[in-house]
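Chains as they are written, first to last, in our numbering: chain A, 1 to 397; chain B, 1001 to 1084.
In short, the hints are calculated from the structure, not lab data.
A portion of the hints provided could be inaccurate.
Calculated pairs, EDC-like style, for lysine to aspartate or glutamate (alpha carbon to alpha carbon, straight line, at most 20 Å) [to be verified]:
#	chain 1	residue 1	chain 2	residue 2
1	A	Lys155	B	Glu1050
2	A	Lys155	A	Asp142
3	B	Lys1043	B	Asp1015
4	B	Lys1043	A	Asp161
5	A	Lys15	B	Asp1040
6	B	Lys1043	A	Asp142
7	A	Lys155	B	Asp1053
8	A	Lys388	A	Asp322
9	B	Lys1081	A	Asp171
10	A	Lys155	B	Asp1040
11	B	Lys1043	A	Asp332
12	A	Lys293	A	Glu361
13	A	Lys155	B	Asp1075
14	A	Lys391	A	Glu314
15	B	Lys1043	A	Asp171
16	B	Lys1043	A	Asp135
17	A	Lys6	B	Asp1040
18	A	Lys164	B	Asp1056
19	B	Lys1043	A	Glu220
20	A	Lys164	B	Asp1015
21	A	Lys201	A	Asp171
22	A	Lys293	A	Glu220
23	A	Lys164	B	Glu1050
24	A	Lys363	B	Asp1040
25	A	Lys6	B	Asp1015
Taking beta-carbon pairs under 8 Å as the criterion, some of the chain B residues facing chain A (in silico) [unchecked claim]:
#	residue
26	Gln1036
27	Ile1039
28	Asp1040
29	Ser1041
30	Ile1042
31	Leu1045
32	Asp1056
33	Ile1057
34	Pro1060
35	Ile1061
36	Asn1062
Every residue, glycine too, gets a C-beta built ideally from N, C-alpha and C.
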Amino acid sequence: MNLLEKLDASAAARKALLPDGVGAFGIPIEEVYSATEARIGDRRVLLLGTNNYLGLTFAPECVRAAHEAIDKEGTGTTGSRMANGSYSGHRALEREFADFYQCSSGIVFTTGYQANLGTIAGLAGPGDTILIDGDSHASIYDGCILSGAEIIRFKHNDMADMEKRLRRLGDRVETTLIIAEGIYSMLGDQAPLAEIVRLKKAYRCILLLDEAHSLGVLGETGQGLVEKTGLLNEVDFITGTFSKSLCSIGGFCVSNHPQLEQLRFVSHPYIFTASPSPATIASTRAALELLRKGSHLRDRLWRNCTQLYSTLQEAGYMLGPDPGPVIAAIVDTPQQALLLWQNLLEHNIYVNLILPPAAPEGKSLVRCSVNAAHTTEQITYVGDTFSKLHKLVRSNS
Amino acid sequence: MSDSNYDEIMQLLCDRLSSLTNSSSQITPETNLISQLSIDSIKLLNLIMEIEDTFDISIPINALTDVQTVHELADLVYRIKSAP
């Protein structure tokens, strides 16, 4: 099989999962009306398939900051910070993230994906070991591969399994990096951080926590799981993304370890890429400020999460273990998931369809992402529609 | 399981793969995990976790890039199990 034939085989496998004309992956969105509504084809749909957790995509403060930055500094930086220099906005945002997490330093990356890639590959290398949760995001897997370290998985959120694997490492625990996530993107559940910290200290490893989905969502000021659990000072490195609660694009890493600064000189995903544009940095700074004082946004988000989670649970759907902004209805077959996804779209609701092997344990998911801008009426409509469709999904088993 | 010899490892892998894939055809050392048994990446990683527990070893998932066949997987397990 040559290179192109391999892609043909991959395309055939994708077509076998999805019938012709079903554009569930990368669906064309014609117009975006607000943080909660858009047009898909000729339908005005409710957006339940975006990660706009605080609903800030059209926040006037962020839009205005982006406009002003373009006027003042242009549309792009045209290259890497190493070669083309660091704009004042890059440096200010790094200070603001470090301050937000009460850390000595922070680094901004061009995407959230690169934040994990660059931090992991900068910290660990050949001869080291990285211990990761089995449900880790692809950016974590890819960062581990790029590092050249040995990668060991533990069962998702299973601390007995994690300890077993730490024990097997023997002396190698001294050069082991443990990676977990604040909220896992598939089922929306949270890492058992207290137990992870206990094991990290017992085995004297370094711990990296990815707060991509929990930034802005958990904790009094939105720091994430570190704040909710009161364990900020126990985590060595925190990464996260700007593309969810902060509504732009980019990523960060913060730490109290002074060695974080050295990543700027050894981490290829930081060095060899264009730096974030002035508009991106400006809107992210404005959004971070809104996030920090946004307890009212978190209150609205959690009210919406709790309402939808309860409705789906009462309707009989199997859900992830924790209520939160990621609410995944777990079904047995790809056909059931596709049926539910298509029917929701026919009722003008856009959600995410996740099929094996992307979904855990051979199941399929229809995943909702709730945000603070959804109205109670919108959440009620989504919950009622899911409830009406439950019988149809069950009869298709 | 301790002091596992190569044949024991091979037998265990064949038995486990057979039940995992419900394959009607005979699984041999030369059977290709991907093209013949259609094991996707997640199933393979879960199988690796089971093997790790059975033999009380750690198998780095990057070592799997060189594994195509059942005997290559058995070689990897044997090599790690036998390491001092």
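Going through the hints against the structure:
Distance hint between Lys155 (chain A) and Glu1050 (chain B) is fulfilled; the C-alpha atoms sit about 10 Å from each other, no more than 20 Å. Between Lys155 (chain A) and Asp142 (chain A) the alpha-carbon distance is near 18 Å, which keeps this suggested pair within the 20 Å criterion. Of the supplied pair hints, the one linking Lys1043 (chain B) and Asp1015 (chain B) holds, its CA atoms being roughly 15 Å apart against a limit of 20 Å. Distance check on the hinted pair: Lys1043 (chain B) and Asp161 (chain A) sit about 18 Å apart at the alpha-carbon level, within 20 Å; holds.
Simply put, Lys15 (chain A) and Asp1040 (chain B) have alpha-carbon atoms about 17 Å apart, close enough for the 20 Å limit, and the pair holds. The hinted pair formed by Lys1043 (chain B) and Asp142 (chain A) meets the criterion: a straight-line CA distance of about 19 Å does not exceed 20 Å. Pair hint Lys155 (chain A) plus Asp1053 (chain B) holds up; C-alpha atoms about 12 Å apart against a cutoff of 20 Å. Our distance criterion of 20 Å between C-alpha atoms is broken by Lys388 (chain A) and Asp322 (chain A), whose separation comes to about 23 Å.
The straight-line distance between the Cα atoms of Lys1081 (chain B) and Asp171 (chain A) is roughly 17 Å, inside the 20 Å bound, and the hint therefore holds. Under the criterion of a C-alpha separation no larger than 20 Å, the hint pairing Lys155 (chain A) with Asp1040 (chain B) is consistent with the structure, at around 17 Å. Note on Lys1043 (chain B) and Asp332 (chain A): the hinted pairing holds, with a Cα-Cα distance of about 16 Å set against a maximum of 20 Å. The straight-line distance between the Cα atoms of Lys293 (chain A) and Glu361 (chain A) is roughly 39 Å, outside the 20 Å bound, and the hint therefore fails.
Of the pairs offered as hints, the one joining Lys155 (chain A) and Asp1075 (chain B) is violated, with about 24 Å between alpha carbons and a cut-off of 20 Å exceeded. For the hint linking Lys391 (chain A) to Glu314 (chain A), the alpha-carbon distance of about 13 Å falls within 20 Å, and the restraint holds. Proximity of Lys1043 (chain B) to Asp171 (chain A) is assessed by CA-CA distance (about 30 Å); at most 20 Å being required, the pair is judged violated. Straight-line distance between C-alpha atoms of Lys1043 (chain B) and Asp135 (chain A) comes to about 13 Å, which keeps the hinted pair within the 20 Å bound.
Among the hinted pairs, Lys6 (chain A) with Asp1040 (chain B) is consistent with the structure: their alpha-carbon atoms are about 15 Å apart, no more than 20 Å. Taking the CA atoms of Lys164 (chain A) and Asp1056 (chain B), the gap is about 9 Å. The hint holds against a cut of 20 Å. Taken as a hint, the Lys1043 (chain B) and Glu220 (chain A) pair is broken in the structure, with Cα atoms around 39 Å apart against an allowance of 20 Å. With a C-alpha separation of about 25 Å, the suggested pairing of Lys164 (chain A) with Asp1015 (chain B) is violated against the 20 Å cut-off.
The suggested pairing of Lys201 (chain A) with Asp171 (chain A) holds, with an alpha-carbon distance near 15 Å, which does not exceed 20 Å. For the suggested pair Lys293 (chain A) and Glu220 (chain A), the alpha carbons sit about 9 Å apart, so the restraint of at most 20 Å is met. Only pairs whose Cα atoms come within 20 Å are accepted, and Lys164 (chain A) paired with Glu1050 (chain B) is accepted, the gap being roughly 13 Å. For the given pair, Lys363 (chain A) sits about 14 Å from Asp1040 (chain B) by alpha-carbon distance, which is consistent with the 20 Å threshold.
Between Lys6 (chain A) and Asp1015 (chain B) the alpha-carbon distance is near 30 Å, which puts this suggested pair outside the 20 Å criterion. A cut of 8 Å between beta carbons decides the hint on Gln1036 (chain B): the least distance to chain A is about 14 Å, and the hint is violated. For the restraint placing Ile1039 (chain B) at the interface with chain A, the shortest Cβ-Cβ distance is roughly 10 Å, beyond the 8 Å limit, so the hint is violated. Interface restraint check for Asp1040 (chain B): the shortest CB-CB distance to chain A comes to about 4 Å, inside 8 Å, so the restraint holds.
The beta carbon of Ser1041 (chain B) comes within 6 Å of a beta carbon in chain A, closer than 8 Å, and the hint placing it at the interface holds. Hint status for Ile1042 (chain B) relative to chain A: holds, with the closest Cβ pair at about 4 Å, below 8 Å. Because the smallest distance between the Cβ of Leu1045 (chain B) and any Cβ of chain A comes to about 6 Å, under 8 Å, the interface hint for this residue holds. Annotation: interface hint on Asp1056 (chain B) holds; nearest CB of chain A at approximately 7 Å, less than 8 Å.
Given the 8 Å rule on beta carbons, the hint for Ile1057 (chain B) holds: about 7 Å separates it from the nearest Cβ of chain A. The closest approach between the C-beta of Pro1060 (chain B) and any C-beta of chain A is roughly 4 Å, which is under the 8 Å cut-off, so the hint is satisfied. For Ile1061 (chain B), the interface hint holds, since its Cβ comes within 8 Å of a Cβ in chain A; the closest pair sits about 5 Å apart. Taking 8 Å as the C-beta cut-off, the interface hint given for Asn1062 (chain B) holds, the closest approach to chain A being about 5 Å.
Comparing the model with each earlier hint shows violations of hints 8, 12, 13, 15, 19, 20, 25, 26, 27; every other hint is respected.
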